[in-house]
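J.: From just these sequences and the hints, can you work out the full model?
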Amino acid sequence: MIRIEGISKEFKEGIGSKRVKAVEDLTLEVHKGEVFGFLGPNGAGKSTTIKILINLIYPDNGTCSINGKDVRDRETRRHVGYLPENPFFYDYLTAEELLWFGGKASGMSSAAIKERTDQLLTKVNLQAARKRHLRTYSKGMVQRAGLALALVHDPEVAIFDEPMSGLDPIGRKMVGDLIMELKGQGKTVFFSSHILSDIERFCDRVGIIVGGKLRVVDRVDSLLSGGTTLEDIFLEEVEKAGGGATV
Amino acid sequence: MTPLWPVAVITFKEGIRNRAVYGISLFALMMMAVNLLISDMIMQEVGKVSVDIALSSISFLGLLLVLFVGINLLAKDLDKRTIYMVLARPISRGEYIIGKFLGMVLLIVVTMSILCMFAVASIFLVKMRYSGYFPRFSWPMIFLSISFTTLSLILLSALSFLFASFASTSFISLILTIAAYIIGHSMTDVKALVEASQDKVSPVTLKVVQAAYYIFPNLSIFDIKTQAAHDLAIPMSYIFWAVSYGLVYTCIVITIASLIFRKREFP
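Those protein sequence lines, which keep their order, are chains A and B. Under numbering that gives the first Met the number 0, the first residue of the first sequence carries the number 0, and numbering increases by one thereafter. Under numbering that gives the first Met the number 0, the first residue of the second sequence carries the number 0, and numbering increases by one thereafter.
Please note that the accuracy of each hint is not assured.
To be verified - Covered by chain B, per the in silico footprint, the following chain A stretches (three or more residues, Cβ under 8 Å): (1) 55-61; (2) 70-78; (3) 85-91; (4) 94-106.
Hints listed in this document are in silico derivations from the structure and should not be mistaken for laboratory results. Glycine included, each C-beta is placed from N, C-alpha and C at the ideal position.
T.: See below:
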């Protein structure tokens, strides 16, 4: 499970001393086996929160833990799969080598990596391109290679930052199927998205973040029970926060 | 398995497949041809000139490798955020730097071995044609000189990692590495010059030069091309001292780089 307790993060904007609050006193829990959607307009603090979870940036205040371990402990990431927004990989590696790296760095045996690579590359439809350098891949292919890399070590927790970004409808369906498959296996999935229909379809719970503050955390079915749509709720929260929405 | 090895392997593969490495190899091939041509043109000291051309070319091409492939390998990770795919694994920032550096060391050693083959081939061909011009010649000295150049490139690469650990852009790392290279090769001469004319230079200048001499690496100790060309003996104690100096300096620099890198964030 993922536990975020009172995290805040400020960034310096430019050379001057002006500081921008990216995330403010954010507290959240994502339970084991749950699919949690993290929704917010551009610049709301979704990616910052995710990067704090992966220990790519450090919070000014607060703590985060995954499966009871502080995220600053590198061992936490042995059981976490992460897909960054618009992932970039080494130009001259092949998809096969990329997954070899992911598996080896997570402590897998060569035989297990080979088996898992075959499985995943078939699943993300990159079998035919497995020996091609990643620099020759299209944006969608890179995104799918990134998904395979995130899942190569069969993580208990998957954290995806905009996993549908840059994918065509077939790719989006594939990601949706993957998320449902992970859910079926009892894994915890935490993903950010702009696409409200994806959140409605796949998530058990949703958190809406605007201006660095978490405004709503609830079950998707209870939010939609009164006949309102997720879009209405989202726009209302953005309105309340006094910001423009970019959906 | 230690997480250093997978990082080193992908760094090496990314580096060796870079087009710049092909360019460097092509350049080495041209160097071989140039060495043969020049030997035909000058009809004195052919042996010394041939060894000097071969060793200087290797040294120059190795420098290009560190400056344009090595710095780029780390800089691209930071600029394009490919570092996310590494740090999302159970790998600390310190292990990332050390793994990356080991990959770079592997790249330098393999590329220098290829360049060494070209150099040996060119010297060998010249020696076959003009065997009379090689009265004082020893292959071990040639290999020792190339090994020293390799060690100095590893040290320079460690410095480039140190600069990249705090510099905001790859251009700054490049400039600082070039500066360190120039200072490292000229500091001994500059110090000797300043100390010899102490009455003419201010005490501040003297102190600055002396401080720089001890802070910056002394890369000139690895330059034994002249000794190799003239087959002048190098004492074992010098070899031991130079190798120890190179290795200890490299370890210190990489340790400092990984300590600085631990604080770094990747938004």
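J.: Each hint should be assessed against the structure and marked as holding or not.
T.: Each hint tested on the structure:
Counting residues of the stretch 55-61 of chain A whose CB lies closer than 8 Å to any CB of chain B gives 3, so the stated coverage by that chain holds, three being the minimum. Coverage of the stretch 70-78 of chain A by chain B holds in this model, with 5 residues showing a Cβ closer than 8 Å to a Cβ of that chain against a need of three. Only residues whose C-beta sits within less than 8 Å of a C-beta in chain B count toward coverage, and the stretch 85-91 of chain A has 6 of them, enough to reach three; the restraint holds. Counting residues of the stretch 94-106 of chain A whose beta carbon lies closer than 8 Å to any beta carbon of chain B gives 9, which meets the minimum of three for the stated coverage.
Violated hints for the displayed structure: none, as all numbered hints are satisfied.
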